[in-house]
Structures are given as structure tokens and as C-alpha cells.
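Required output: the full structure, derived from the provided sequences and hints.
For the sequence shown, this note's numbering begins at 1 and goes up steadily by one.
Among the clues, some could well be false.
[What the hints assert, rightly or not] Derived BS3-like pairs (lysine-lysine); straight-line CA-CA distance at most 27 Å: (1) K44 <-> K13; (2) K66 <-> K15; (3) K190 <-> K205; (4) K184 <-> K15; (5) K63 <-> K187; (6) K15 <-> K44; (7) K13 <-> K168; (8) K66 <-> K87; (9) K177 <-> K15.
[Unchecked claim] The following label-pair restraints were derived from C-beta to C-beta distances: (10) A79 <-> N174: 33 to 41 Å; (11) K87 <-> K176: 31 to 39 Å; (12) V85 <-> A201: 43 to 51 Å; (13) I97 <-> N174: 27 to 35 Å; (14) R89 <-> E33: 22 to 30 Å; (15) R198 <-> A79: 39 to 47 Å; (16) K176 <-> M154: 19 to 27 Å; (17) I99 <-> G46: 15 to 23 Å; (18) E137 <-> R181: 19 to 27 Å; (19) Q203 <-> E104: 41 to 49 Å; (20) E33 <-> V195: 37 to 45 Å; (21) R202 <-> M154: 40 to 48 Å; (22) E104 <-> R202: 45 to 53 Å.
Honestly, the hints are just simulated from the structure, not real lab data. By construction, the Cβ of each residue, glycine as well, lies at the ideal position given by its N, Cα and C atoms.
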Amino acid sequence: MSKLSNAQKYHLKYKIAVSGAAESGNCSDYALEKAREIGKEIVKQGAVLVTGATTGIPYWAAKGTKEEGGISIGVSPAASERDHVKKYRLPIDYFDIMIYTGFEYSGRNLLMTRAADAVIVICGRMGTLNEFTIAFEDHKAIGVLLGTGGTADMLREIVARAHRGPGKIVYDDNPKKLVERLLKIIKKEKMADVVKQRILARQGKI
1 MSKLSNAQKY HLKYKIAVSG AAESGNCSDY ALEKAREIGK EIVKQGAVLV TGATTGIPYW
61 AAKGTKEEGG ISIGVSPAAS ERDHVKKYRL PIDYFDIMIY TGFEYSGRNL LMTRAADAVI
121 VICGRMGTLN EFTIAFEDHK AIGVLLGTGG TADMLREIVA RAHRGPGKIV YDDNPKKLVE
181 RLLKIIKKEK MADVVKQRIL ARQGKI
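Here you go:
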């Protein structure tokens, strides 16, 4: 069996980052519960959750993931567990793996977004907008959970006014459908990469 066939058979789990408000006061009444549903759906559909290891929306997504028996990865702005808890006052429950970056919030945002195959935006404030623009510039698949308030409900207009094209963005108010649509994009891209590698291999270029 070729290496490419093995890569297909034993592919890594897809990683979906959830980006959202750490303080949910500007979110819709049901935004936290929707985040929890997203966390559950990520597991049900065979993916892994990545968050910024913070409170609010990301915390509830992690809660849903663990309730469903899935894998939750946190990417912290802190340099250590002690700083994460004492200095930043951030949670450590509902995580299987915690990565301490020591890069503050802006550096954490970049690493978390780059580590994921796709990003889901739920509600959100300025930090969420930062993570969205990173994902957009990196040409990642992005899902926007509509009706959750904050940044999420402004993004369609922001993208239109920015005149940079639509990006690979899907909008939906249903957590299950949003995750399904994102995974469809990811799988299509991964398969295209496999086909490209096969062609290059046949041409003796790799």
C-alpha cells in the first residue's frame, strides 16, 4: 500500500476552532447553549475542538465537547498553567490538552486559528473579529452561527463592505448543519490535495 493510500486510510481528525465572546453580555439569550450544541456536534461528526481556552462562548463549546466524550484542545495566552489560572484567570476544566503559548492574546489568536482546519464564529467581540480576519486571510473555511449576536451577526456586512470577495464562509443558524457544511468543505479540500499529490507522484515530481 502506498504512502498516499495510508494517508487516506489513517487521516488525522479534523480540527475545528470555536471563536466567540469570552464575556457573553452582548450575545443573544441562547448563544451559550448554541455554543454547547456546536461543541457536541463537532464530536458527533468526528472532529476535534480547538478553543482559546477562555470563558464564555469557547468555554461552553468545550463543555459540550466533553459532555459528548470528545477531544478538547485549549490554546492559552499564558506561558504556564499557573499564569493561565492566576494571572489571566482562565479555566482549565473541559480540556484534554492545554497548550501554553506565552504569546498574550494576539499571539494566541494567531496560533489557535492556524492550528485549525476551520473556524466557527459564535457571537464575539474584537478578539473574535481578529481571529476571523486571520482565518479569512489564511483562506480557511469559516462557519458563522447566525442569531447569536455580537460580531457573528455583523460579519456578512463586514465582508461585503471589505470588497475582498466572499471567502470560504458559510452562514447558518443551525449548529448541526453548520458543522456539516464546514466538514464538507474541509473534506473536499483534503481530497483535492490527495489527488494533486498523486498526480505529482506519477510525474516524478515528489
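Now the hints, each set against the structure:
{"no.": "1", "hint": "K44 <-> K13", "verdict": "12 Å, holds"}
{"no.": "2", "hint": "K66 <-> K15", "verdict": "15 Å, holds"}
{"no.": "3", "hint": "K190 <-> K205", "verdict": "19 Å, holds"}
{"no.": "4", "hint": "K184 <-> K15", "verdict": "13 Å, holds"}
{"no.": "5", "hint": "K63 <-> K187", "verdict": "26 Å, holds"}
{"no.": "6", "hint": "K15 <-> K44", "verdict": "13 Å, holds"}
{"no.": "7", "hint": "K13 <-> K168", "verdict": "20 Å, holds"}
{"no.": "8", "hint": "K66 <-> K87", "verdict": "25 Å, holds"}
{"no.": "9", "hint": "K177 <-> K15", "verdict": "17 Å, holds"}
{"no.": "10", "hint": "A79 <-> N174: 33 to 41 Å", "verdict": "39 Å, holds"}
{"no.": "11", "hint": "K87 <-> K176: 31 to 39 Å", "verdict": "37 Å, holds"}
{"no.": "12", "hint": "V85 <-> A201: 43 to 51 Å", "verdict": "48 Å, holds"}
{"no.": "13", "hint": "I97 <-> N174: 27 to 35 Å", "verdict": "29 Å, holds"}
{"no.": "14", "hint": "R89 <-> E33: 22 to 30 Å", "verdict": "24 Å, holds"}
{"no.": "15", "hint": "R198 <-> A79: 39 to 47 Å", "verdict": "43 Å, holds"}
{"no.": "16", "hint": "K176 <-> M154: 19 to 27 Å", "verdict": "24 Å, holds"}
{"no.": "17", "hint": "I99 <-> G46: 15 to 23 Å", "verdict": "22 Å, holds"}
{"no.": "18", "hint": "E137 <-> R181: 19 to 27 Å", "verdict": "21 Å, holds"}
{"no.": "19", "hint": "Q203 <-> E104: 41 to 49 Å", "verdict": "45 Å, holds"}
{"no.": "20", "hint": "E33 <-> V195: 37 to 45 Å", "verdict": "40 Å, holds"}
{"no.": "21", "hint": "R202 <-> M154: 40 to 48 Å", "verdict": "47 Å, holds"}
{"no.": "22", "hint": "E104 <-> R202: 45 to 53 Å", "verdict": "47 Å, holds"}
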